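Given these sequences and hints, build the entire structure.
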Amino acid sequence: MRLTQGTFSFLPDLNDAQIRAQIEYCLGRGWAVSVEYTDDPHPRNAYWEMYGMPMFDLKDAAGVMAEVDACRKTFPRHYVKVNAFDATHGWESLRLSFIVNRPPNEPGFALEREEGAGRLQRYSVRSYAAERPEGERY
Amino acid sequence: MSAPESLPLDLEQLYRDSNVAGVLEALERELVGLAPVKTRVREIAALLVVEKLRRSVGLEAGAPSLHMSFTGNPGTGKTTVALRMAEILHALGYSRKGHLVAVTRDDLVGQYIGHTAPKTKEVLKRAMGGVLFIDEAYYLYRPENERDYGQEAIEILLQVMENQREDLVVILAGYKDRMDRFFSSNPGMASRIAHHIDFPDYKEDELLAIAGLMLEKMKYRLDAGAEAALREYIALRKTQPHFANARSIRNALDRARLRQAKRLFEQRGAPLTREALMTITAEDIRASRVFETAGEQR
Numbered sequence: 001m002r003l004t005q006g007t008f009s010f011l012p013d014l015n016d017a018q019i020r021a022q023i024e025y026c027l028g029r030g031w032a033v034s035v036e037y038t039d040d041p042h043p044r045n046a047y048w049e050m051y052g053m054p055m056f057d058l059k060d061a062a063g064v065m066a067e068v069d070a071c072r073k074t075f076p077r078h079y080v081k082v083n084a085f086d087a088t089h090g091w092e093s094l095r096l097s098f099i100v101n102r103p104p105n106e107p108g109f110a111l112e113r114e115e116g117a118g119r120l121q122r123y124s125v126r127s128y129a130a131e132r133p134e135g136e137r138y
Numbered sequence: 001m002s003a004p005e006s007l008p009l010d011l012e013q014l015y016r017d018s019n020v021a022g023v024l025e026a027l028e029r030e031l032v033g034l035a036p037v038k039t040r041v042r043e044i045a046a047l048l049v050v051e052k053l054r055r056s057v058g059l060e061a062g063a064p065s066l067h068m069s070f071t072g073n074p075g076t077g078k079t080t081v082a083l084r085m086a087e088i089l090h091a092l093g094y095s096r097k098g099h100l101v102a103v104t105r106d107d108l109v110g111q112y113i114g115h116t117a118p119k120t121k122e123v124l125k126r127a128m129g130g131v132l133f134i135d136e137a138y139y140l141y142r143p144e145n146e147r148d149y150g151q152e153a154i155e156i157l158l159q160v161m162e163n164q165r166e167d168l169v170v171i172l173a174g175y176k177d178r179m180d181r182f183f184s185s186n187p188g189m190a191s192r193i194a195h196h197i198d199f200p201d202y203k204e205d206e207l208l209a210i211a212g213l214m215l216e217k218m219k220y221r222l223d224a225g226a227e228a229a230l231r232e233y234i235a236l237r238k239t240q241p242h243f244a245n246a247r248s249i250r251n252a253l254d255r256a257r258l259r260q261a262k263r264l265f266e267q268r269g270a271p272l273t274r275e276a277l278m279t280i281t282a283e284d285i286r287a288s289r290v291f292e293t294a295g296e297q298r
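As you go down the protein sequences, you meet chains A and B in turn.
Position 93 of the first sequence, counted from 1, bears residue number 93 in the numbering used here, the numbering being contiguous throughout.
Position 115 of the second sequence, counted from 1, bears residue number 115 in the numbering used here, the numbering being contiguous throughout.
It cannot be assumed that every hint is accurate.
Just the calculated beta-carbon pair ranges, DEER-fashion [unchecked claim]:
1) A/PHE56 x B/LEU158: 23 to 31 Å
2) B/ASP10 x A/ALA87: 43 to 51 Å
3) B/LYS38 x A/PHE56: 30 to 38 Å
4) A/ARG44 x B/PRO187: 51 to 59 Å
5) B/HIS115 x A/ASP69: 20 to 28 Å
6) B/GLU232 x A/PRO54: 36 to 44 Å
7) A/PRO43 x B/PRO187: 51 to 59 Å
8) A/GLY52 x B/SER65: 23 to 31 Å
Since the hints were derived computationally from the structure, they do not count as laboratory data.
Treat the numbers as computed from the prediction; the structure is a model and nothing was measured.
Where a beta carbon is used, it is the ideal one built from N, C-alpha and C, also for glycine.
Right, here's the structure in full:
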């Protein structure tokens with residue numbers, strides 16, 4: 001099952017030229033771009049690992065692209081995403097975030113049902129990949 | 001598909017379209033002297049225009065290496081020319097953003113093990129798409145301390161200079177003799193820099209012309225006596241220690257402005273004209289310490 005998250009979740013994966021164009025847009029608006037990775041695909045996993053520091057004061061996407069490539073090389077079978085943080089007053093949050101790398105094989109999620117008191121039913125989502133320990137998934 | 005070999009190509013048109021003509025003209029107009037520097041800048045501009053034309057007819061040659069070394073005494077205009085160079089490279093489409101990131105050893109080299117690489121890489125990332133100007137680059141290499149982290153910064157720099165030529169132009173600047181020593185102990189660096197440009201010292205009338213340009217920009221002017229005084233001042237100042245070419249002139253003018261303001265302030269009550277606010281007189285310049293010490297020497 002293909003994991004979709006973030007700004008372009010409804011689109012097919014962006015190619016490198018498109019990623020570069022998106023980063024150019026972010027830098028043009030003065031946002032700080034950062035790269036993050038994880039191998040826990042659960043939708044509620046909001047805190048991915050940072051790959052290096054967020055990059056401030058960049059003028060050109062080449063620097064970010066080099067970082068994305070380095071992260072992909074280090075973690076070829078992880079999810080990697082690019083975030084753009086807007087520091088202007090009133091926003092102070094991510095403005096854009098999209099996945100730029102994914103494992104070749106994504107097993108997807110299981111839906112678990114739990115019986116409660118009476119006929120109460122609780123649902124939870126469990127990723128097949130996360131059954132193995134961190135670093136050995138995918 | 002390539003064009004027929006004999007088809008005439010319009011170099012003139014391309015030259016006019018890229019606004020490099022304007023930048024070169026400004027370089028000519030706003031920088032006094034520096035003939036060898038201007039020649040080399042014009043050569044590089046010509047190379048890039050021709051390269052662009054060649055690319056348009058399918059003659060790919062790869063990005064030329066444009067890393068440079070600027071050597072010269074203090075105040076000879078190395079930083080100013082680097083700024084102009086960034087503009088020219090941008091006008092010609094060689095660098096995508098055309099900004100200049102000026103750094104020194106402190107910005108590249110870390111304080112402890114493992115600090116240097118991220119620091120250098122961050123600076124390099126900031127400079128991508130533009131020009132990285134490393135002032136007093138020879139401080140990166142400290143032969144007397146073999147555990148100095150400067151070497152690490154140099155290695156990262158070399159790697160990027162070689163592999164990401166189209167993303168970044170590196171300009172190293174510093175005094176001539178020290179840069180020569182730096183290059184002879186870092187042959188890898190010397191071989192990756194295609195353009196070594198030497199900035200000559202300014203002659204006296206060039207310095208006077210520079211002073212004129214500076215005053216024009218600051219909206220001041222010299223009266224007849226002051227001009228003669230400034231000419232004398234430059235001749236005397238040149239013989240004294242710590243002479244820093246155009247920078248010394250700027251400092252001298254700043255001090256003259258100070259004295260002019262003081263003079264006007266002491267005459268308050270008397271009617272003041274716009275003319276008087278603009279004019280620097282001979283006494284403003286002759287009050288300088290340079291004339292005193294010269295008098296003592298005599």
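Holds or violated: 36 to 44 Å for the Cβ distance of B/GLU232 and A/PRO54? Once the Cβ atoms are compared, 57 Å apart, the range 36 to 44 Å for A/PRO54 and B/GLU232 is violated.
CB of B/ASP10 to CB of A/ALA87, is that within 43 to 51 Å? Between B/ASP10 and A/ALA87, where Cβ atoms are some 47 Å apart, the hint holds.
Measuring from beta carbon to beta carbon, are B/HIS115 and A/ASP69 in 20 to 28 Å? holds, 23 Å
Determine whether the Cβ-Cβ distance between A/GLY52 and B/SER65 falls within the hinted range of 23 to 31 Å. Holds - the Cβ-Cβ distance for A/GLY52 and B/SER65, about 28 Å, lies within 23 to 31 Å.
Falls inside 51 to 59 Å, the C-beta gap from A/PRO43 to B/PRO187? Distance hint for A/PRO43, B/PRO187 holds at roughly 55 Å.
Verdict for B/LYS38, A/PHE56 (Cβ pair) under range 30 to 38 Å: holds, 36 Å
Could you say whether the range 51 to 59 Å given as a hint is met by the Cβ separation of A/ARG44 and B/PRO187? holds, 55 Å
If you check the beta carbons of A/PHE56 and B/LEU158, does the distance land in 23 to 31 Å? holds, 25 Å
Violated hint: 6 only; the structure is consistent with all others.
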